[in-house]
Amino acid sequence: MRLARGRPAAAAALVVAAAAAVLTVMTLPSADAATIGSGSYATTRPAGTTGPTGCGSLATNPRQYVTANAPAGPVPTNDWWSSLLFKRTDCAFSSPLHAHPMSFQPSAGGLGVSYTTDAAISGTATGVGEYHYPYTTEFTLGVTGLNAPNTLVDGWTDWTVTPSWSDGARTLRATIGHGLPFVYARTSGGNAQLTFGGAPTVWTNSGNRVGFTVRGHDYVAYAPTGATWTVAGTAITSTLAGKDYYSVALLPTTTSTPAADRTALANTYGQYAHNHVTGTRVSWSFNQATSTVNATYSFTTTAREGTGSGTVLALYPHQWKYLTGASPIAQTYVSPRGTMKVLTGAAAFTTATKFQGVLPEIPAVADSSGADLTTVGGYLDQVATGDPLAAFGNDTYWTGKGLGRAARAAELADQLGRTAQRDSLLAAIRTRLTDWFTAGSGETGRLFAYDQTWGTLIGYPASYGSDAELNDHHFHYGYYVAAAATLAKFDPAWAAPGAYGGMVNLLIRDADNPDRNDTMFPFLRDFDIYAGHDWASGHGNFFAGNNQESSSEGMNFANALIQWGIATGNTTIRDAGLYLYTTQAQAIQEYWLDSSNQNFPAAFAHNEVGMVWGDGGAYATWFSAEPEMIQGINMLPVTGGSFYLGYQPSYVTTNWNEMVTNNGGQPTVWQDVLWSFLALGNGDQALANLRANPGYTPEEGESKAHTFHWIRNLAALGQVDTSVTANTPLYTVFTKNGARTYAATNLGTAPITVTFSDGRTLTVPAGKTATTGAYTWVGGNGTSTPPTSQPPTSQPPTSQPPSSPPPSSPPPVGSNLLYLRSGPALSTVAGSNATTQNVTAANGNWDGTPHNPVTYQACGITGSVNGGQTAFSFQVDAGTSVGQGIQARVSYDFTGGGTYGRVETYRYFATDPVVGTETYTQAAGLQSSTGTLAAMNHGCVRLEVWNAIGNAQTTVRVDASAANGSQSTLTIPYTVS
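Numbering (mature numbering (1 follows the signal peptide of the UniProt record, and there is no 0)) for the sequence shown: -33 to -1, 1 to 944.
Careful, some of the hints might be misleading.
[Unchecked claim] No more than 16 angstroms apart at the CA atoms, straight line, and that leaves these computed lysine to aspartate or glutamate pairs for EDC-like:
#1 K671 x D390
#2 K456 x D390
#3 K210 x E272
#4 K321 x E593
[Stated by the list, open to error] Pairwise CB distance ranges, derived in the manner of DEER restraints:
#5 N234 x N564: 41 to 49 angstroms
#6 A569 x S294: 26 to 34 angstroms
#7 A256 x T17: 32 to 40 angstroms
#8 G705 x A387: 47 to 55 angstroms
#9 T486 x A14: 22 to 30 angstroms
Since the hints were derived computationally from the structure, they do not count as laboratory data.
Glycine residues also receive a C-beta, built at the ideal position from the N, C-alpha and C atoms.
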């Protein structure tokens, strides 16, 4: 259960409690509905309900606090600066605005400026605790004599805002934003003025520039050319030489910095001081071949004097760690998100973030006994019996939780071939979504209503402030979109734009609209573009700024966009989801989990926070002080989009251990969610915990079927392997005991071949998920079958109709002599037209450790050990490159179950810098080996080849016949039957 984010809380001592939401059931005449395809939404709010509320006439006039200069169209909400416009507690000015590196507080006299570098930490090491970099006024930027009754919003762009003051005689407009170390001011009616609580410490005052220090922080104010500054008492003023602009910069220095360095920075910043930032804009694209999301953050500058361009930018960790084509300077800023690095003279920067893939659901893999398959089947019968949504609340959030639970179960039922349960679950999802997507359809009172004045779509019954405060729309609607994506795979007619797909798109447009030209909804409402994550509160009226706890439900929305976009062929929505997902996945690793241990204050005792605030973070939630829930709220719901939580497997253990310590033992609530998270780092331990506690109570949005399915399969698959990507969005790679399993899903109507970055390929039939290197649960009869073909090149064969059942086993291998073939693959049949397989450059020392290997594999081997040794003859070439060394590892899986009982790593072979192949053989010698050879029964042999040293690509000759040249072969020490 969760409380509204709009509930007031003290920044330094967050109060947590639980309360019940009061939900109202209502009906609506269909005459008040607008149609989209077969669906509809209300155009007036149902009687007895509420919409956005705030100060004055804000409920009916969201533009009450904007000027005539503000952009037309729907007003943005859920932003770092929302309390300026969506006023609820301070009806004149706003709550503090945490932009980073600076924070701001509007007042009657102008804009208060703060830069806090020491964290305020409260709470205990094992209980609720918080850290904040609280707003503290260092000076106020304004105009002499200004005494404005309020602050309005003069304009906004993607991550900047321009507050505006007027007292009838004097005006001030000040542009501020994320990543801006400058405040850009425009004035009228008086002199520029900076006021202080005491006499400022001025370290330079020359011409149009004055430098001063407050609380150890250095600033420089830049007036127009020809102007000067006057320092008197507690104020610094300038006539601006009759001009109307100035700027103030925060320097990334302290009083301990040498004066020469401080002066040099002032000079550097001074080059851009009058290039006022007047616009910001993000754009993104997805390179499917490299699985990379490229995002460009652009700044428009207007030269108030001269013809200069460019500015100074401060980047968050999730940005500078993935920065391309630019180099930050040495100096940095402190922020609640960790170190911010600085670019000078830039008009834009680009990040390139690898997308590590998602799946509709975790793939079902081996269970040789069939007992676990029987167990999950029994649990699945329980979920699919009756109405799976009957026990859930009628509001948008709890309906969403029920839809999510049913969709997860439908996905696994499809994987296990249990079509009756799948279709029953899909029917329940279809019925409930259709009800919600048809305004006035019956007596249930479930509908969505569009508020034209606010440009928002609100579901009624609402909950947790989704109506009055516009909280959590991405949380609630993500479940609807995800369930619709599952339904769309099996009922594309329902999901068509002319049917109910238009209503799904409407929910997406409300929560995080990717279309700037949409006049119904603001652009990316819930997503803070520069901060890299969502904000949950619509208004952000808190001293600590805006906040969000359940980052994982934000990721559920992003993943839902990917799944829905692919299922319906909408690449705009898919790519928006990919941008949100990759960006926020890194932000979560940095700011909720701090998995690199670089961003939280050193004295903060926790390894994660339940909530991120504008000025810090809290090991707390809105609804509970229990460690299981504080940590678990950023793990649920567990889906095929949750693999990002396993990008740092060692951190998973760190997080789990803290929960156990703080809880005083193993979890007693939300065990399933926490075990599912643990499985991303240690599947065997998670499975042991699950088996030892079969009587646990599931978290409301989970089922025992899904939890068992998830943990049992992760125990077999291992950890997420982030070193390999694929040329399709629906994929994941897993590694256990050095063995990789490749998984991919094809939602299309024809087979596809997926290529992975290490050279592995996988053919995926229409409408299916395929894997390599593992058995697959099929049917529903309590049995398991081996892989459907020889990985990696064909699983199942492309000639096999998608609707046909897979063969019961791979073709038998009839020889111990195997040829290296393109694909890559091992085959008992030689090639006929020789070619080469590229092996990626080492660019480091990977002696003994496979790094971007080319992997060859053959399965279906039955035979006995013949007393010999592994032998190979690989034709390799480094061209004219020097200092290259190629290496091989051979692994034996005796049963084909994915466990390698014998692994042999050979010493690398130093190639010469002469064009032409050389022969790398087992004579190089064993570097290491584990296990002993044993008889094979439908077993597999795997060969990995990689560059151990060198900075150049090398090649291996493949597909050669005896007639067209030397062949690359592997001979295994078996008598094959």
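Which numbered conditions among the earlier hints are violated in the structure presented, ordered from lowest to highest? Failing hints, ascending: 1, 4, 5, 7 and 8.
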